[in-house]
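Using the hints provided, position chain W relative to the given structure of chain V.
Taken in sequence, the protein lines are chains V and W.
Here the first sequence is numbered in the numbering used here, starting from 1 and rising by one per residue.
Here the second sequence is numbered in the numbering used here, starting from 773 and rising by one per residue.
Keep in mind that the hints were calculated from the coordinates and are not lab data.
There could be a bad hint or two in this list.
To give an idea of the chain V side of the interface with chain W (calculated C-beta under 10 angstroms), a few residues [said to hold, decoys possible]:
id : residue
1  : G493
2  : H665
3  : V698
Over 12 angstroms on every C-beta distance to chain W, these chain V residues come out as not near it, computed from the model [stated by the list, open to error]:
id : residue
4  : H169
5  : A171
6  : D434
7  : S584
8  : V689
Note that the coordinates shown come from a computational prediction; the quantities given were computed from them, not determined experimentally.
Every residue gets a Cβ at the ideal spot worked out from N, C-alpha and C, and that includes glycine.
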Amino acid sequence: MSLVGARVVRKEDPSLVTGRGCFVDDMHPDGTAFMMFVGSPTAHGTITAIDISEALAMPGVLGVWTAHDFLEYPDLPQGAENFERPLLARDKVRWLGEPVAIVAAEDRFIAADAVATIVVEFDSLSVVTDVLEAVAPDAPLLFEHHGSNVITAVPTNDDLERELEKADHRAHLDLRNQRCAASPIEAMAVVADWAPSGLTMWATVQAPHHLRNQLATWLDISQAECRMVAPDVGGGFGSKIVWYPELFAAPLISKWLGRPVKAAQTRSEAMLQMAHGRDQVHSLDVGFRNDGTITALRMVVTQNLGAYPDPTGLGLPVLTTWMAAGCYRIPKVSVSYRTVVTNTNPVAAYRGAGRPEAAYSVERLVDLVARRTGIDPVEVRQKNFIPPGAFPYEVPHQEAVVYDSGDFGKALELCVDLLDYESIKQRRDRQRADPAAPLLGIGFSSWLEIGGFGPNGSLEGFGHLGSWESAQVRIQPDGSALVFVGASPHGQGHETTYSQIASDVLGIPMDNIRVVHGDTEAVLQGVGTMGSRGVTTAGVAVHNVSNLVVERAKKIAAHLLEANPLDIEVGDNAFNVRGTPGRSVAWTDVAWASYQPLALPEELTAGALEERLYQEAPNFTYPSGCYACVVEVDRQTGEINIVKYVVVDDCGTVINPLLAEGQVHGGVAQGIAQALFEEVSFDESGSNVTSSFLSYLVPSATELPDFVAGRASTVCPNNALGAKGIGESGSVGAPPAVVNAVVDALAGSGVDHLDMPLTPESIWQVLRKDSK
Amino acid sequence: MSRHEVQVTVNGRNRTAEVDARLLLVFLLREELRLTGTHVGCDTSNCGACTVLLDGEAVKSCTVLAVQADECDITTIEGVQGPFGGLSAVQEGFRQEHGLQCGYCTPGMIMAATDLLRREPDPTPQQIRQNLKGNLCRCTGYEMIVRSVRWAAENSTQ
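Next comes chain V alone, as it looks inside the complex:
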């Protein structure tokens, strides 16, 4: 029986449900000191003095360092040239909370006491946190030498004004994709131990090799003496690929103090210091015919980068504009973007990273076309979909984007069926006519995104070593297998998934397979877990390298059985001679023989059953699907209640339906949260007014619905598993379904659009105007 496709419970869980997981802050090597940042008390200013005297005199304080102590070290890696982020702010601070000094103490409590005594004096500068205000001619400048807050700008060759003008109709939409905080429940944490024998660092990161590569260069030490370990990682969602200063400072402080050093953020520190996601403003125009056919689309994106350009932050609008047209055959597409610095946390990848922004805009536009033409939103979608026979499909505006496969119409049909659309429409009309009933709205989202990062050159563009992923299989003498993978997980269940994939190919039971990841000293090389690549790149690597090993094992089995290798088949933890029942040799015996030259065929040597592979990808993958949301809106309070949420995903081959369901639920939850609850907000002085879980509204169990799930399946033609990836789908597809539903519920008010998050207050404002 194939394990790929089977609902297998996770190998990870016995440790995690018993408290035997090992997260970074759980580690406490003897003598560990604790380091903590002093954050800037102002969002924009020139530092005139930092008084550390009181802190230095406190018992238990081991040292205090400011920017001038790190002058011989470069700025943090991979920033845009001339806009690099310093480890600690030098002279000028650019957002409230930006680290300006480091305290190390015997424990976290003394460190916190000492941080509170440090006085940062500064001359205030004018603050700008809003991205459109930052591009105004008189805006305060974050980098005076540059003369503008715009860091990169990619204009369009053709703004399609003529195409839009000659369409039967045109519509315009301005919208915001608000700033969100990824908010993994484990905040950033690191333990660094720089001993004479070398540096070992445990960090809660998504890409340990990536960090090792950058850190060794930054410290000017060899990668061979720089070991990075990502132990259990308590969520990441993109926010743990960023070059945070503690990852670079902790090893130095460890070296200087001669003892291990830990840094572990409080949640409030995390909200002020970790990167945020999204924060784009879109100006959209669409041209369409009377029958709802879309003829032209123009998207202009303004990306808020925060205070410093992060390499992934700079890439977000690239991905957004790539995916501007979603799953629609739009003959003319024009995209342009600019990236802009503001006095806010740097912006980087957050689950979906640029694609949720694209899906949101195009799905809002399609609903607007439906509204303007009076045609049902389902029909408008069906009319404009790229048909199943048109793949591979190259989008008109970007040659790098070639959709692999999909059947968007089928996913929508399934979604409509699961929703019971006709009867829910009748219910909507009944409730609209009944002032005592809440308003009901229905919203769809036919989404498409890019996963499987990626073809050669794609991740390099974000500063990675490569776009491949590594896998290595070693058969132990007893016939068990070690599978080493370069992708390191943070909740995805890699150990289970890769065990399933390897077991199917090798014929070794899952329980005899151990997956090793996250340790640069054990794993060959690695890129990381991001961009929905865990199955499509790393999983495919495991599949293909397992094939190399099993082919060699068949030769050994044939030698032992005195049979033709072509007649050997693997199954049930053994090798059998095809068509000859009873003629077989156990995996254990083949494994044992593989280390004994006298037992091997001539062409093989001891240790023959070990192989490694750097798996490349010929293209991105394009997961797709259709979500539908039904909401009720309270006419008096504006409160929104999700009545039904249908999710139909197409991720190609599913390795483990249990884990795939978990990924969809989690992504959709984050998407609903963006639509209804979450927003990082700053006041006029640049203070983050959502800097804890009291004010940044991560939803709890009572705020989220159950999901009705269906599955479409179009196999990815570009990899051996046929998989497309599923990690980010939910957060890409979910927000527009919710917003479309709420705007539909408010149809009577004449409102065409409301920006996220759709708070009860924003709805109430609309309803109040409506009733006047």
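What follows is chain W alone, placed relative to chain V:
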């Protein structure tokens, strides 16, 4: 800062520690007693990752001073066990129904769910959501946690 001796029973074992008056129970457990299964996810008592049983009832151990727990009986995730290969029905339920992904919030969720099933052995999905609303999970979207707790309710030996 004043120091105080605290005597607690943790997972059936008597433990004594001398602590600062301001030390939170969660840090007594994690840093003094090295029971690191209880996690910290926020500093405003919102996330519930630090939930333990204090004299049998679920509490967020970041809302309790260590000195307040003096002479109390505490159960942490390390002290939870049962007939499912050593796991309790709640622990096994989370495994069977994929009620966890990264696992960081999980010990707190399991303690809160254990407390719920003690009070209400057969909760409805809505009761489960209500009773777990003080525990934040960023990975699962909660439905599979609800199913996990239902699995435990249906498979409890009590």
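Quiz item: Going by Cβ atoms only, is G493 of chain V closer than 10 angstroms to chain W?
Solution: Hint holds; G493 of chain V Cβ to chain W Cβ min 7 angstroms, cut 10 angstroms.
Self-check item: Non-interface claim for D434 of chain V versus chain W (Cβ beyond 12 angstroms)
Solution: The claim holds: D434 of chain V sits with its nearest Cβ about 25 angstroms from chain W, beyond 12 angstroms.
Quiz item: Once the closest CB in chain W is found, is it more than 12 angstroms from V689 of chain V?
Solution: Fine: 14 angstroms to the nearest Cβ keeps V689 of chain V off the interface.
Quiz item: At a threshold of 10 angstroms, is the proposed contact between H665 of chain V and chain W supported by beta-carbon distances?
Solution: holds (4 angstroms)
Quiz item: Do the numbers back the hint for V698 of chain V, that is, is its least Cβ distance to chain W under 10 angstroms?
Solution: holds (5 angstroms)
Practice problem: With 12 angstroms as the threshold, tell me whether A171 of chain V passes as away from chain W on beta-carbon distances. | Solution: Fine: 33 angstroms to the nearest Cβ keeps A171 of chain V off the interface.
Quiz item: Taking 12 angstroms as the cut and beta carbons as the points, is H169 of chain V off the interface with chain W?
Solution: Its Cβ never comes within 12 angstroms of chain W, the nearest being 38 angstroms, so this holds.
Quiz item: Does the no-contact call for S584 of chain V survive, Cβ to all of chain W over 12 angstroms?
Solution: holds (32 angstroms)
The earlier numbered hints are all upheld by this structure, with none contradicted.
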